[in-house]
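Each chain, letter by letter, is given below.
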Amino acid sequence: MAEAVRIRPGLPGWLTPPVAVGLAVVAFWVAAALTADLWGLADPLRMVARRLQPPSGAHWLGTDALGRDVLSRTLHGARISLTIAAVVVAAAVSLGAALGAIAGFVGGWVDGLVMRLVDVTLAFPPVLLAMAVAATLGPGLENAVVALVAVWWPVYARLMRAQVLEVRTREHVEAAIACGAGPMRLLTRHILPLCWTPVLINATMDVGQVILLAAALSFIGLGATPPTPEWGAMISEGATQFYSWWIAFGPGFAILTVVLGFNFLGDGLRDFLDTRSAR
Amino acid sequence: MTRYLLRRLIAMPLLMLGVATATFLLSHITKADPLAAIVSERQMNNPEIVAAAKARWGLDRSLPEQYAVYISNLVQGDLGVSFRTRRPVADDIGARLPATLELVVFAMIFGVTAGIGLGVAAAHWRDGWIDHGARLVALIGSSMPVFWTGLILLYVFSVVLGVFPGPGRIDARVAPPPGVTGFYTLDALIAGDMERLRLALAHLVLPAFVLGWAVMGIISRLVRGSMLDVMEQDYIRTARAKGAGEGRVLFAHALRNALIPTLTIIGHSFAYLITGAVLTETIFAWPGIGAYAVDSARSLDHPAIIGVTLVGAAAFLIANLVTDIAYALANPRIEIGRADG
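Chain order of the listed sequences is B and L.
Each residue of the first sequence is one higher than the last, beginning at 1 in our numbering.
Each residue of the second sequence is one higher than the last, beginning at 1001 in our numbering.
Same shape as in the complex, but just chain L:
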């Protein structure tokens, strides 16, 4: 197992270099002039300023040299300057990170708890209507366009029924709670401001539900499968023979072991969350990285979209690595390295 973990850790920086190389090549295929981002339109006529900008960003050098500059900038956390906001992309992403993280955390909490519940119920009443219903719910989760579901839910629950607020993180007329963590819910709690906490939570319900649905679906299928595997084992029969109630058998005995394979899928469903967050944030006017990515793509803001892609890939790689390590530690019998090609 140590060898497997070592190999994964060594592969990590190499993969990141590969990812950075791919984004470098992408940003060179485009016809957009990178200078336009750095120099304002009027200054474009001033050869001195243009030359200085070219020298600073290495645009006057050969491709391999530019590549070296690009990589060394990346290592220092410099992702370039956005065409649209005229601010460093890294700063833009940093400012929007808490909004996305808060949404993802709440979506994850909903997806995991509802998914486990649904999975256990489906396994317990196998082939009953709950089982078939759970399968349909899971399939819908991976079939629905989140940008459409978000619209419909907003219309129904915000406009028609008026039970949940409209888009955004908090009411437009209300100032956000004083920033400590950037999570509006936590910040409101820290400030002891129950009204803002309620508002922030109410705004989270619909987007977290839309975003968490796919995760709920995936987890419920997996929990069902591994519950069925576990329920056939001898120790479950023993527990029943000793007179343990069905609830105790399900949750104290079976679920504990059934959750180990679920651990990996929770980590890997991060990919779904990123995909979903990009489109969910757009619909719910959520000022996070996903909406930033879409706005950047819409206005063909190349440095920004490339920067977000790079950061997204890094987050994705790290999430998968952490998951695999956690899995290897939780279940040392399994040699993952043998399985992947």
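Bound-form chain B, shown alone:
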């Protein structure tokens, strides 16, 4: 940790160059999502120029098969992709952490049941499980979100359970028991507050992967449906217009940079926390 390169003395230790780069990229895309309407760009859903125009001064990333502006669609796509990722990670963390905390705290058959459920879910290759669940529920963004939560919750359940098992043996918990604290109070006041840090860091690292898999589902046709400016769906449209490379370029580059941003962030934070690999 002491060896981690700091940008400047006086800045917090976790702000290493990779973390700063990651933060900057992620901040750019969050800003793009929030301000997409303010850039004076064409309507992402309307035909605004001749179809299949290569990049030009008027349309920096060209136009697609329906004459829509690819740059405008790419920036508006940030809204959809980032929202999906935020919803999926929040839901997966809540569900997984709740089940994991209960399993670790209660133990016995509850623990066994939850952990076997975790084992079975993790036995599936993520992309296939997500595809199977999404295809079962039918195409659409909401169903894609459900499919992604179904893939991601077990990771957090395992992590939270391990944390609870570790924290509950600490002395302050024994002291609270001696003072007569009930199980609910013990869990919510004395154990859970100490369990969150690794769960939240893991969640940060997963956002990028969620964006990737969500885009993959839309690319396959199981997520966002056509007029929506979603990155995966746009790449799918680009694939059908193979010689108009610019249609897929914008959204693909957007996915690459935003996921890279989250991965830089996660990689940097992990290096900072895990002193063994921080060198």
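Simulated from the structure, these hints should not be mistaken for laboratory data.
Warning: the hint list may mix true and false statements.
Claimed, not checked - Covered stretches of chain L, as calculated for chain B (at least 3 residues, CB under 8 Å):
1. 1141-1152
2. 1274-1282
3. 1289-1300
4. 1303-1313
The C-beta atom is built at its ideal place from N, Cα and C for all residues, glycine as well.
Chain L: place on chain B using the hints.
Structure of chain L alone, referenced to chain B:
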């Protein structure tokens, strides 16, 4: 260690049963009528045929009974019939397996060799530009949407530069080599057909590169880390003191030990390969299981997508089991059972 291996072996069939139960439940949530797959539209009006089909597939029975039928069919290798191809899903998967395996093997060869090379270089020139570059390459590997990278590479190398052929396993006008193994490269070699071998290899370059990139990234990070651990040990200092050249120290002394932890990641990166193969095959029109899974999902062909998912999970479980056993055998000091929760 024996206890650990025994426990893993006993858990295996139980996990498979759990996986099969999950897919059974999934196939019952769907609103799609399973009868539509078995009986043609015209025959749906014929109550006798419908009843016979229901009886044959156990659809007229209660849920627990259907479950029993499903499991017993699975044990006999019956994954149901595809809505789309109207063929048994197991046959479809079997026919497409060689294409996927050939792609995965070549991607693995590229990922492992390039990953080890990059990892050793990054460790040797630690904190230099090669090290930072390797880190970026690895991060890009886990950040890029393969369905996009595939498109871009195809456009650049096939359309603009014309150095590699377009999608597919072999040129559309060329018949595949006589099937022995199903691997076009091996079959062409067996037939002594150098032209087809060249074509098959040329078609493999881009998809194997796209698919292997993520693996290369993961392996290079791991090799770098374990090389740095190993390089600090006394025997490396001894080797240097005895006058061994840096190349010999790196490859003959350090890499050998650094590779043990890498062994597990090679096995576990199978998950990345499955994920990547599904999307890579779609872009490169590769007639394998991944493209089959996507086509099935796109046309909401439930028996097929559930069948592929089940087979994928089985392959995934077996790969992880084999890896852990290999690791336990290669490094008996480590008790893996203690570590996993």
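Going through the hints against the structure:
Taking a C-beta to C-beta cut-off of 8 Å, the region 1141-1152 of chain L contributes 9 residues in contact with chain B, enough for the three needed, and the coverage statement holds. Three residues within the 8 Å Cβ limit are the bar, and the region 1274-1282 of chain L against chain B gives 5, so the coverage statement holds. Coverage of the region 1289-1300 of chain L by chain B holds in this model, with 6 residues showing a Cβ closer than 8 Å to a Cβ of that chain against a need of three. Check result for the region 1303-1313 of chain L against chain B: holds, 6 residues qualifying (beta carbon to beta carbon below 8 Å, three or more required).
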